[in-house]
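If you read the sequences in order, they're chains B and G. Residue numbers for the first sequence follow UniProt numbering, so the first one is 1 and each next one is one higher. Residue numbers for the second sequence follow UniProt numbering, so the first one is 1 and each next one is one higher.
No wet-lab data here; the hints were simulated from the structure. Be careful, since some hints might not be right.
One copy or any two copies: either way a pair holds, since identical chains are not told apart in the list.
What the hints assert, rightly or not - Straight-line distance between alpha carbons at most 30 Å, and here's what the computed DSBU-like set of lysine-lysine pairs gives:
(1) Lys207 to Lys172
(2) Lys172 to Lys272
(3) Lys193 to Lys172
(4) Lys272 to Lys245
(5) Lys207 to Lys272
(6) Lys272 to Lys243
Since the model is a prediction, treat every value here as computed from it, not as a measurement.
Number of protein chains: 2
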Amino acid sequence: MAKRSEADALMSRIAEAFEALPRQLQGVARYLEEHRSSIMVQRVGEIAEGAGVHASAVVRFAQRFGYSGFSEMQAVFRDAFTAAASPSHSYKQRIRSVIENRAGGVPAAEIASRFIDASRMGLDELAAELDEARFQQAVDTLAAAENIYVMGVRRSFAIATYIAYALQHTKKRVHLVSGLGGMFREQLRSMGKGDALIAISFPPFGKETLYAMRVAQQHHAKVLAITESDLGPLARHSDILLKVKEGSAFAFRGLTSTMCLCQALFVALAYKLELTVEETTSRGEYDD
Amino acid sequence: MAKRSEADALMSRIAEAFEALPRQLQGVARYLEEHRSSIMVQRVGEIAEGAGVHASAVVRFAQRFGYSGFSEMQAVFRDAFTAAASPSHSYKQRIRSVIENRAGGVPAAEIASRFIDASRMGLDELAAELDEARFQQAVDTLAAAENIYVMGVRRSFAIATYIAYALQHTKKRVHLVSGLGGMFREQLRSMGKGDALIAISFPPFGKETLYAMRVAQQHHAKVLAITESDLGPLARHSDILLKVKEGSAFAFRGLTSTMCLCQALFVALAYKLELTVEETTSRGEYDD
DNA sequence: CACGCGGTGGAACATTTTTTCCATTTATTT
DNA sequence: AAATAAATGGAAAAAATGTTCCACCGCGTG
């Protein structure tokens, strides 16, 4: 699966050749081994100093292993890092190429498995980048709320629907702001202090959701935003902001990570409520 | 709380000031947030290109936030990285945050990451066990249908909602069977030959959904079932059956795999219908 | 012990990268 | 609609960084 990066290969070659290296170059080798992860951000000078040698020794080292100079060798480590840091990027590319090489129609299953792969990468990213402190805050806020309003429109509506459904299994009063009958305003009217609004929105942000957030703040309700980034209009109007980056394959935005996050949020909340609120009947099953 | 690195502080300041930033600098801000982890290894030029702006815009950005230039700002991210990579620090940090979490009860983030893991395993299974022939059949059936009815109750309702939303981007007539006003029967009445019903249901199976499937068959509409297993009541009443096994954690059933499968289904369908699904349909009023 | 050879470090050189400056375009205000 | 301010992009200047050259050194060998 994980193909040996060129950086790995290089480190092996270095280990191989180590014994036969002159004293200073051995020093460089040791330093590289020791600080492998930070080579990519260091200057020749810093590495040279760290290894206790002259800068030119580092360059000679790189050249000894077949690179034109230090820069070229450093690029190997940089690439290895960026490849590891953005795993989903390569998947997006592959999906795109599957689509573009549409020689005689792509089998649906092919599309499906690419899509699933992309979603998997999305979850990896979610796991890696989840802000634990904020997540905790989100759970605490919901736990403290009396009424919970849930709102998302269009693409995010399904998610809102789910959250509202799940929360019905708690003792909270839950209000799904659906806009049914054009009654957004009316459904939001009763928010107040001690309540919380969960707002799910992605660009281009629905104005209904933004409106709901403003109303919530005016009414001193806590606002939990689930969105893509700290930037953008939601940040200003939210007390807590949970980020989900959905990979968009096929020029089509995923929702699996968002769904996963929301479920995790609910599970964590349910767990917290059962621990702190004794009277919560343990139900175990939340099936359909 | 966890140590607030200067990089974190900077990102906050950026989020704060974002709205008031000129267009290009907003682009830079977005890029920084999106690629926060790799800023430290990138050149101004690369960042500029990534953000779609001129290099000098990136420098101006840095200066706007109080740095002498890009290099100085980049150093902030570099430092944050090396600090995090240095073992002693991160270890202390981890201990501290664990203690803090214990003090506040249950570490919500712990639950979250376990849940995400479970979901990920669910996707692995989905990828491994997807029946390609059936999936293709499902896509073909939907492609051939004139009207598509979508039905799921309780836990599955959010999924049904999503499918119905997504399908609105095709030329098909789509009917979400919501049961609003207790009108399941009435909403199902008009199904007929040439139509298709997508029924999503998991044990314990909702009787409303089973009913819908029977009606569909009586009316000679195709039935696509999305469920857990080939056995059980849905098998009998469906023409095509797609299996999703959700991993469960904390005695709580996931939905991410189902969501993923449904999205994959839609993408494959859209592709078959040769639709271009625009990611950001800016239609003013109806954006999400 | 002198010779040569590879290793080493200083400094000049070359290259890349960043930053500044300014002309031009674009938005905002009166 | 004109005036003013702000934003943008190109290019030159400046700085930082990497590389090469070469004199020197130390060690092993003849």
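Status of each hint after checking the structure:
1. Lys207 to Lys172: Both ways: Lys207 and Lys172 sit 27 Å apart in one copy and 27 Å across, limit 30 Å.
2. Lys172 to Lys272: within (13 Å within a copy, 44 Å between copies)
3. Lys193 to Lys172: The answer is within: 15 Å in one copy meets 30 Å, while 44 Å across copies does not.
4. Lys272 to Lys245: Answer is both; intra-copy 26 Å and inter-copy 27 Å each pass.
5. Lys207 to Lys272: neither (33 Å within a copy, 32 Å between copies)
6. Lys272 to Lys243: For Lys272 and Lys243, only the intra-copy Cα distance (21 Å) is at most 30 Å; the inter-copy one is 32 Å.
The earlier numbered hint that this structure contradicts is number 5, and it is the only one.
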